[in-house]
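Enquirer: Now for the letters of each chain:
Number of protein chains: 2
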Amino acid sequence: MIGILVNDRVKAGKQAINELYNVGYYGRPKGDTLELTLIEAAYLHYKKKLEIQIEDRSLSFEDFFTEASKRQQYFDLKYIVYKDLRERGYYVQPSVTDFRVYPRGGHPGKTPAKFFVHVISERIPLSLRELRMSLEAAHNVHKTMVLAIVDEESDITFYEIRKVDPRGDVKLIGEAVQGIYGRSTFLEDRVVVWDSDISSSLHAEGFYGHPLDADRLQLSLVESGYLLKKGVLEVADMSGTSFALAFDEFAAKASVIESEFMLKYFAYEDLRDRGLVPKTGFKFGSHFRVYLNFKSVDKLPHSEYLVHSISEDYEFTLPVMSRAVRLANSVRKRMIYAVYDNVQCTYIDIGRIKM
Amino acid sequence: MIGILVNDRVKAGKQAINELYNVGYYGRPKGDTLELTLIEAAYLHYKKKLEIQIEDRSLSFEDFFTEASKRQQYFDLKYIVYKDLRERGYYVQPSVTDFRVYPRGGHPGKTPAKFFVHVISERIPLSLRELRMSLEAAHNVHKTMVLAIVDEESDITFYEIRKVDPRGDVKLIGEAVQGIYGRSTFLEDRVVVWDSDISSSLHAEGFYGHPLDADRLQLSLVESGYLLKKGVLEVADMSGTSFALAFDEFAAKASVIESEFMLKYFAYEDLRDRGLVPKTGFKFGSHFRVYLNFKSVDKLPHSEYLVHSISEDYEFTLPVMSRAVRLANSVRKRMIYAVYDNVQCTYIDIGRIKM
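Chains as they are written, first to last, in the numbering used here: chain F, 4 to 358; chain S, 4 to 358.
Hints were generated in silico from the structure; no laboratory data involved.
Please read all numbers here as calculations on a predicted model, not as lab measurements.
Incorrect hints may appear among the rest.
Note that identical chains are pooled: a pair holds if it fits in a single copy or bridges any two copies.
[Claimed, not checked] With a straight-line Cα cutoff of 27 Å, these simulated DSS-like cross-link-like pairs (lysine-lysine) come out:
#	residue 1	residue 2
1	K146	K73
2	K50	K232
3	K86	K51
4	K286	K86
5	K86	K17
6	K52	K232
7	K73	K357
8	K166	K286
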């Protein structure tokens with residue numbers, strides 16, 4: 004079988020439609036011609052099913068591979084992923100997001116494609132904007148969005164990207180203790196609740212803070228901000244004025260200590276309002292670990308999510324994302340990114356997927 | 004027992020030396036006076052062993068704690084760590100790096116201190132320079148350096164910091180194949196070796212690269228740079244000129260693709276020269292995973308280290324460091340930072356320690 008390299012396509016004759024398309028769903032038939040992408044052609048060359056010519060000269064695999072790398076950006080990356088998927092029995096077709104992949108046992112004409120696969124090098128930063136656009140495109144046609152990240156040694160890791168809508172059933176502490184103003188002081192970079200009763204109620208019923216001792220509770224900035232906003236807590240300045248801080252004053256002070264305070268706060272408030280219990284995720288390098296089924300501090304359940312709050316213009320650095328997902332999975336949690344777009348929080352779940 | 008608050012000390016009388024120092028090693032006796040730090044005094048106040056006065060007025064715990072927070076930076080953080088260590092049976096004394104801590108069963112006058120503990124908030128970036136100075140200070144007096152990181156919810160994680168000198172016994176591939184020049188091409192962001200024999204020898208004997216297929220090998224940039232520098236490989240430009248790249252030309256091209264190329268390369272070369280086998284650590288979010296006892300690709304051992312290459316002016320972001328160490332430990336590896344100071348690489352091992 005002979006194909007002719009023309010720009011970024013390899014074109015073969017009618018016989019190719021029978022032997023390549025009808026059997027393996029390679030290329031796209033256009034009349035009596037089979038049009039193959041450079042990637043499909045390279046794979047067929049490697050499989051010795053296709054000879055590729057340019058100006059009547061036959062190209063070796065090395066020559067064609069080098070030539071294709073000049074004609075298509077990230078050719079080698081995409082080839083690696085294409086070959087991997089084909090060799091594991093998937094039918095793969097080109098698409099707007101690199102590849103449409105059919106489910107196991109399925110193929111073009113029999114079943115719809117299941118995955119939209121987007122190939123990316125670990126070196127290229129991935130903007131959240133781009134990720135969300137790809138996610139929307141895939142969702143609109145009921146496909147699963149998959150990122151195939153190729154590392155510097157050409158190993159591939161597949162990630163499934165999903166929108167999620169986490170909900171829990173933990174009641175607002177406000178409903179339990181509303182109207183009981185706890186007295187607290189904003190110290191250097193955390194808040195201490197001095198009253199013994201409210202300290203233990205906040206900790207036991209809402210899993211807020213960390214006991215300083217049996218009588219006093221330390222709260223993080225997001226926790227104190229939330230309880231202040233919900234009217235559960237009064238927060239005094241360390242300067243000792245009797246004036247309690249308003250939420251805006253508190254937020255301004257907190258933002259000086261932690262420049263990302265508001266970014267974290269929006270996700271914290273949204274998670275709490277959804278009936279979930281977020282606690283610091285410091286040990287996991289994320290903003291929060293999140294409990295779905297908190298009942299009491301004594302019977303603390305496994306926390307299900309790690310949540311990291313990011314802004315709309317966030318750029319993923321892929322080794323960092325990879326580490327976050329890997330760590331979350333190694334402790335049996337889902338890695339979720341919370342995005343606040345000035346109106347609401349949306350949640351994007353990124354997890355490894357075996358293809 | 005009464006102590007008087009004077010600047011950043013609380014001073015108590017002779018009786019205190021008997022009851023507080025001789026029994027619990029609190030404070031430092033100076034003549035007939037016992038001088039306590041604010042942290043020691045707050046702890047003794049909490050334990051109801053000390054009443055603290057200022058101008059004949061007795062301070063409540065809340066008042067003293069707030070007052071001490073004004074007089075000493077990070078007072079609350081340091082108090083949390085001090086209390087934690089004391090309550091778990093350690094004798095703790097102030098030192099240049101916050102605390103000197105005695106080994107279990109030991110105390111001042113009986114045994115030397117074992118740990119230098121440095122307390123830091125997760126929010127404060129930690130410069131490598133500062134870390135190395137503390138490490139030197141601890142090593143010079145044969146102490147173990149410990150970082151106590153306090154997160155926003157006042158949980159403490161202890162890290163032991165050590166200098167390490169990793170060595171392996173994997174022979175230089177150069178010795179095996181020296182003089183056999185493999186031919187390869189620098190494609191978009193990786194290098195492909197076209198020759199079948201050298202491809203399999205590089206992969207099987209040195210665990211270089213990742214097979215593109217049975218005949219061809221893909222190498223990462225650091226791998227290709229190393230093999231080029233050692234005279235094992237010739238690397239041609241994709242433009243197809245017959246000129247092989249010199250190492251400097253190669254490094255310049257690679258640095259355009261990956262701005263950190265030289266930073267990674269120095270560590271890669273040093274690790275290889277030490278008889279270790281570094282491979283990409285992408286899936287772990289680090290530059291390299293490192294094999295100590297590589298024998299063959301078929302019997303691949305567990306990789307022992309994750310190595311991340313950092314420059315001398317690096318600043319640790321503690322949640323990021325925490326994630327790196329946590330992930331390394333969760334896959335039974337040590338987290339090691341490689342620092343290249345223009346002459347040599349030194350290695351710093353950061354691991355969690357249970358105190």
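Enquirer: Give a verdict on every hint.
Expert: Quick rundown of the hints versus the structure:
| no. | hint | verdict |
| --- | --- | --- |
| 1 | K146 - K73 | neither (31 Å within a copy, 58 Å between copies) |
| 2 | K50 - K232 | neither (65 Å within a copy, 34 Å between copies) |
| 3 | K86 - K51 | within (14 Å within a copy, 72 Å between copies) |
| 4 | K286 - K86 | between (39 Å within a copy, 21 Å between copies) |
| 5 | K86 - K17 | within (24 Å within a copy, 82 Å between copies) |
| 6 | K52 - K232 | neither (68 Å within a copy, 38 Å between copies) |
| 7 | K73 - K357 | neither (31 Å within a copy, 54 Å between copies) |
| 8 | K166 - K286 | both (25 Å within a copy, 23 Å between copies) |
Checked against the numbered hints above, the structure breaks hints 1, 2, 6 and 7 and satisfies the rest.
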